[in-house]
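K.L.:
The chain contents come next:
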Amino acid sequence: MTGRGDVAIVGAGPIGLAVAWRCVQRGRRVTVLDPAPGSGASSVAAGMLSPVSESYFGERELTALLVDSAARWPAFAAELGEAAGVDVGYRAEGTLVVALTADDLAAVDRLRGYQAGLGLPIEPLVGSALREREPLLAPGVRGGAHAPTDHQVDPRRLVPALRRAAVAAGVTIRAGAVTDLSTVDSETVVVAAGCGTAALTGLPIRPVKGQVLRLAAPGGEPGFRHVIRGHADGSSVYLVPRRGGEVVVGATEEERADAQVTAGAVRDLLRAATDLVPDLAEYALVETGVGHRPGTPDNAPVIGPLPGRPGVIVAAGHHRHGIVLTPVTADLVVDLIEGGAAPSPFTPDRFAEAVRG
Amino acid sequence: MDRLVIAGESFGSRLILGTGGAASLHALAAAIDASGAEMVTVALRRVGTEGTPGGLLDLLARRGLRLLPNTAGCFTAAEAIRTAHLAREAFGTSWVKLEVIGDERTLLPDGVELVRAAERLVADGFTVLPYSSDDPALARRLAHAGCAAVMPAGAPIGSGLGILNPHHIGLIQQAVAVPVILDAGVGTASDAALAMELGCDGVMLATAVTRAAEPARMAEAMRHAVIAGRLAARAGRIPRRSHALASTPDEGRALL
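Protein sequences appear in the order of chains X and U.
Just add 21 to wherever you are in the first sequence, counting from 1, and you've got my numbering.
Just add 25 to wherever you are in the second sequence, counting from 1, and you've got my numbering.
Calculated directly from the structure, the hints in this document are not laboratory data.
Incorrect hints may appear among the rest.
Cβ-to-Cβ under 8 Å is the rule here; a few derived chain X residues that face chain U [claimed, not checked]: (1) Tyr77; (2) Gly79; (3) Asp279; (4) Val282; (5) Pro318.
Where a beta carbon is used, it is the ideal one built from N, C-alpha and C, also for glycine.
Modelling step: build the complete structure from the supplied sequences, incorporating the hints.
P.N.:
Next comes the structure, spelled out in structure tokens:
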């Protein structure tokens, strides 16, 4: 039976669960529907919270949203950790951008100039200064940058923590598959279905394949502490060290929907990784995986009411940024449900011509 | 009208755009629109052929662009031939931009494998546009093999170094009867204009636009550069002189 003010959320990934948790805190009755909770992009995501080193030409509005959400992360992680009784793996050692060759450094410096021009905290570092911070970096690295406010969290801790906090606060999670929004019986429906959002809403959200590897350090902890965003002779790779010894190595970005791990991608990722941190060759390769980022045409998320569908709110299409954007998305959606305004640059109506009538 | 004709098909634009490297589909779409290109390349090995709504192929199809599948990522003739056949199935076109890479660092083509693959694909009914080095003898071999155009590199792919051997590009233009499309190496608009001034029939580029800070603006620059270079090539430029020649001579002026 539907009651006034009930909220149903389609999708139990980080976005859906965080919205659910925030809604139930406001006294709503909340149900989350997902046949396989947490099985989407978050299951392989690296969890970099890097609005500074991710900011790119022509994406100023997105960068502003990323910066806003990253600033909410310390409090969000603390509150969630307390509510769920677990550590979500939030780490604040910062990010190093590392260029292996002179060509790589030219590319890094160009983008750093843009980022610094936006007023974002990023400082150039010469090779020796990089190696003082991380002695395992290859002696030949030419230089790079330090982004001290680009942090990380562990999505494999985050999603279970959100589930636990949400359930503890009274959210119901049901393993139901939704194929048609009109079958969802609730005053408000939030679509947070990642790549599945396209089929439910007609919005142009497409799968962007990413192949990701996980290594395990032989001696327990990884031999480096910063997130490393590397450029190795034209190939890009990120290396995310976790407590307990895991190192996430990623990722390809492919305009395709299959879930195959390819030999070439594993080779390219590992070659770039070991070119930058030679010691990684001694780590165990414990996992190869594929995820599909829910990409939109402008790389920015879709947050707001679905045109022509009263009561339906979309919170999807977070592309590469789902983890960092989790806190701000949850807050924006709750504000919207409570009668606030939608965040104008990110509302679904910017894709109105693509939405099926 | 001065149109580019390849294998009997004619194009109003002499600029061919690659679709790799853009930060977003939105940025790519804006660049394609600003470039005026009518033909774009897609890499079968890099792009899913599902035709996802809102995806890359959807975006290209909605613009009515001619797709030119390429065999990027192939290192042997056998791989390239197989990839071309898969692309013909997937994209419904027998046109192929044939790439057989010989060296991973420079991404320069392997000429021997390229000719071998071109001969086979021509025999299989493909319209073959091979990406070649700036070697006039190789370009002639490719033309004789039945290729519909030749696409010599100005410089290594993605390097933005411009046209490193303009003399060879000019020689290629003289050596073959099929269209010459300068491919790879373009960094900025003057490179594209120079290619056209050297006698090329068209210019193919991707990185120079897709990785520019403002892709649409650079695409517009490239559109103008190709048009300007083409006009200049046909306008009959003046000979180079070592000494000045006043544009308004002061001898023989009437004394009034």
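K.L.:
How about Tyr77(X): closest beta carbon in chain U under 8 Å, or not?
P.N.:
OK, holds: Tyr77(X) within 8 Å of chain U, min 5 Å.
K.L.:
Next item in the hint list is Gly79(X). Is there a CB on chain U closer than 8 Å to its CB?
P.N.:
Status holds, d = 6 Å.
K.L.:
Taking the least C-beta to C-beta distance, is Pro318(X) closer than 8 Å to chain U?
P.N.:
Where the cut-off is 8 Å and the nearest Cβ of chain U is about 4 Å from Pro318(X), the hint holds.
K.L.:
Could you check if Asp279(X) really has its C-beta closer than 8 Å to a C-beta on chain U?
P.N.:
At 7 Å from the nearest chain U Cβ, Asp279(X) passes the 8 Å test, so the hint holds.
K.L.:
Identify whether the interface hint at Val282(X) stands, where standing means a beta carbon of chain U within less than 8 Å of its own.
P.N.:
15 Å, violated
In summary, the one numbered hint that this structure violates is 4.
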